[in-house]
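S.K.: Each chain, letter by letter, is given below.
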Amino acid sequence: MLVFGQRAWRFSVLLLGAASIVGIGCATISLPPDAPDAAEKQYLPAAERGELLSQYRLSMAYRFGTAGVPQNDALALRWLESAAGGLTDAQMALGDVFAYGQLGQPKRADDALRWWRKAAGQGDTDAQVYLAGQLEEGRVVAADLPEATRLYERAGRAGHRYARLKLARLIEAVAPEKALGWFAAAGAATDSERLRRRLSPEQLRRAEIFSATLRGDLK
Amino acid sequence: MAVILVLQLAGCVSVYKPPKQSVAALDQYLSGAVRGDAQSQNSFGRALMVGGQGVGRDPLLAQRYLIAAAERGSASAQSYLAREYFGEIPAPLARDAALGSYWATRAAVQGDSEAMRALSNCHGQVDSSAFDPIESCKWLKVGYAAHAGGACDPKKLGAEPFAEAQRRAVEWRNQNPILVEKP
Numbered sequence: 004m005l006v007f008g009q010r011a012w013r014f015s016v017l018l019l020g021a022a023s024i025v026g027i028g029c030a031t032i033s034l035p036p037d038a039p040d041a042a043e044k045q046y047l048p049a050a051e052r053g054e055l056l057s058q059y060r061l062s063m064a065y066r067f068g069t070a071g072v073p074q075n076d077a078l079a080l081r082w083l084e085s086a087a088g089g090l091t092d093a094q095m096a097l098g099d100v101f102a103y104g105q106l107g108q109p110k111r112a113d114d115a116l117r118w119w120r121k122a123a124g125q126g127d128t129d130a131q132v133y134l135a136g137q138l139e140e141g142r143v144v145a146a147d148l149p150e151a152t153r154l155y156e157r158a159g160r161a162g163h164r165y166a167r168l169k170l171a172r173l174i175e176a177v178a179p180e181k182a183l184g185w186f187a188a189a190g191a192a193t194d195s196e197r198l199r200r201r202l203s204p205e206q207l208r209r210a211e212i213f214s215a216t217l218r219g220d221l222k
Numbered sequence: 812m813a814v815i816l817v818l819q820l821a822g823c824v825s826v827y828k829p830p831k832q833s834v835a836a837l838d839q840y841l842s843g844a845v846r847g848d849a850q851s852q853n854s855f856g857r858a859l860m861v862g863g864q865g866v867g868r869d870p871l872l873a874q875r876y877l878i879a880a881a882e883r884g885s886a887s888a889q890s891y892l893a894r895e896y897f898g899e900i901p902a903p904l905a906r907d908a909a910l911g912s913y914w915a916t917r918a919a920v921q922g923d924s925e926a927m928r929a930l931s932n933c934h935g936q937v938d939s940s941a942f943d944p945i946e947s948c949k950w951l952k953v954g955y956a957a958h959a960g961g962a963c964d965p966k967k968l969g970a971e972p973f974a975e976a977q978r979r980a981v982e983w984r985n986q987n988p989i990l991v992e993k994p
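Residue numbers (our numbering), protein chains in the order written: chain Y, 4 to 222; chain S, 812 to 994.
Honestly, the hints are just simulated from the structure, not real lab data.
Given the structure is predicted, the values throughout are model-derived calculations rather than measurements.
Be a bit skeptical, because a hint or two may be false.
Computed cross-link-like contacts, SDA-like style, restricted to lysine to any residue with a CA-CA straight-line distance of at most 20 Å [to be verified]: (1) S:Lys831 with Y:Lys121; (2) Y:Lys44 with S:Gln839; (3) Y:Lys44 with S:Gln864; (4) Y:Lys121 with S:Arg846; (5) S:Lys828 with Y:Ala30; (6) S:Lys831 with Y:Glu43; (7) Y:Lys44 with S:Gln832; (8) S:Lys828 with Y:Ala38; (9) Y:Lys44 with S:Ser924; (10) S:Lys831 with Y:Ile32; (11) S:Lys831 with Y:Leu34; (12) Y:Lys44 with S:Pro830; (13) S:Lys828 with Y:Lys222; (14) S:Lys831 with Y:Leu90; (15) S:Lys828 with Y:Pro35; (16) Y:Lys44 with S:Lys831; (17) S:Lys831 with Y:Pro35; (18) S:Lys831 with Y:Lys110; (19) Y:Lys110 with S:Leu871; (20) Y:Lys121 with Y:Asp76; (21) S:Lys831 with Y:Gly68; (22) Y:Lys222 with S:Arg883; (23) S:Lys828 with Y:Leu34.
Label-pair ranges, simulated between beta-carbon atoms [claimed, not checked]: (24) S:Ser833 with Y:Pro48: 19 to 29 Å; (25) S:Gly922 with Y:Ala30: 43 to 53 Å; (26) S:Asp964 with Y:Gly104: 24 to 34 Å; (27) S:Asp907 with Y:Lys110: 24 to 34 Å; (28) S:Gly922 with Y:Asp76: 11 to 21 Å; (29) S:Pro988 with Y:Asp76: 27 to 37 Å; (30) S:Asp938 with Y:Lys222: 39 to 49 Å.
Note that beta-carbon positions come from the ideal geometry of N, C-alpha and C, so glycine has one too.
Chain Y on its own, in the form it takes in the complex (with noise of 0.2 Å):
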């Protein structure tokens, strides 16, 4: 009895020595984090309502593999799909799909083309500078610099002060006149006067007769 109470005493001494370095030292137990899972909590049930940006944040989710679902190329496509119906956010992202050859589709320019032609239509600036620049460049679809001029336009009149700059960059070569009056509306001191400096007189009041009339039509 009494050399069970000795090993009794000698383990409560040991198990408190224990105790005090754990205490000291401050123990943290550390927890796994709970798993994200808002893609299948939130995103699909709002998605299959027919919720437009659900449908675009559910398949980045499945695009990238993240919010709580695998990555999976097919639904990421289908739901981008569903989205490109009325957004034209998802309209642009599914043409990139096709420039680039995403979501392991082959690449195919003339559906790029459509997609970004899409949005563009329905008035998005953002849209029209972006397919214009695609157009300018040539590298995705086929260069079509007419129509990156009109595209240019039409968001530089809608107010897009970089679409303005774009223009007046691409025309500056063939119309240096309309390319000064579009340098002055985008704000673009620096290329108005280096431009300003290569113009003659005569044409120098050519472009501010331009400049003149752009500027009451942007009123």
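Here the structure of chain Y is known, so what remains is to put chain S in place on it, guided by the hints.
M.R.: Below, chain S without anything else, positioned relative to chain Y:
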């Protein structure tokens, strides 16, 4: 003994559970970005540029949202685009000092000192087509006023160019009265 043991451990053993992985890019930024909100477009574009917060990396898509944000007036996006075009940060586009200057100037008008520094840096590079030491000094003076050093050293620049840079900085400040500190 049990009481001592409990006291030892009480309050000193904690349980840490990390927060759920953020999906803010999908939950918060995307809805604003689709509505055309500049700050949301900037946040969404930046998330796409590096990957995170619920999206993977897609620099091309990121670029489209950043341009949209910059056009709608996000100084942060304008400054970021400027530094991309100046070649200061990696980007899916070719260097273009003129486009960089365009976006940096739009950001500078809003008081973005990072854009002013980038403009000064762009004009200060000897091998750049935009090399212009007076403009380089001007942007440092606009952005950093009395603290402008480096490119704004009158001994290196010369008295007359320094005075011209000072004049241009004051003129720019008078035309764009958005900053507090005077050069």
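S.K.: Please verify whether lysine 831 of chain S and glutamate 43 of chain Y have alpha carbons no more than 20 Å apart.
M.R.: Judged against 20 Å, a Cα distance of about 15 Å means the pair holds.
S.K.: If you check the beta carbons of glycine 922 of chain S and alanine 30 of chain Y, does the distance land in 43 to 53 Å?
M.R.: With Cβ atoms ~49 Å apart, the hint holds.
S.K.: Are the Cα positions of lysine 831 of chain S and lysine 121 of chain Y separated by 20 Å at most?
M.R.: violated (38 Å)
S.K.: Is lysine 828 of chain S close enough to lysine 222 of chain Y, meaning Cα to Cα at most 20 Å?
M.R.: Given that 20 Å is the threshold and the Cα spacing comes to 57 Å, the pair is violated.
S.K.: Assess, step by step, whether the Cα of lysine 828 of chain S is no farther than 20 Å from the Cα of alanine 30 of chain Y, and give holds or violated.
M.R.: Since the Cα atoms of lysine 828 of chain S and alanine 30 of chain Y sit roughly 14 Å apart, the hinted pair holds (cutoff 20 Å).
S.K.: Holds or violated: lysine 44 of chain Y and serine 924 of chain S, Cα atoms, limit 20 Å.
M.R.: violated (43 Å)
S.K.: Keeping to a limit of 20 Å between CA atoms, is the pair of lysine 44 of chain Y and glutamine 839 of chain S held or broken?
M.R.: Holds. Lysine 44 of chain Y to glutamine 839 of chain S sits at ~16 Å (cutoff 20 Å).
S.K.: Could you grab the alpha-carbon distance between lysine 121 of chain Y and arginine 846 of chain S and see if it respects the 20 Å cut-off?
M.R.: holds (18 Å)
S.K.: Is it true that the CA of lysine 44 of chain Y sits at most 20 Å from the CA of lysine 831 of chain S?
M.R.: holds (14 Å)
S.K.: CA of lysine 828 of chain S to CA of alanine 38 of chain Y, is that 20 Å or under?
M.R.: holds (12 Å)
S.K.: Assess, step by step, whether the Cα of lysine 831 of chain S is no farther than 20 Å from the Cα of leucine 90 of chain Y, and give holds or violated.
M.R.: violated (29 Å)
S.K.: Decide if the proposed pair is consistent with the structure: lysine 831 of chain S and glycine 68 of chain Y, CA atoms, cutoff 20 Å inclusive.
M.R.: holds (15 Å)
When each numbered hint is compared with the structure, violations occur for hints 1, 9, 13, 14, 18, 20, 26, 28, 29.
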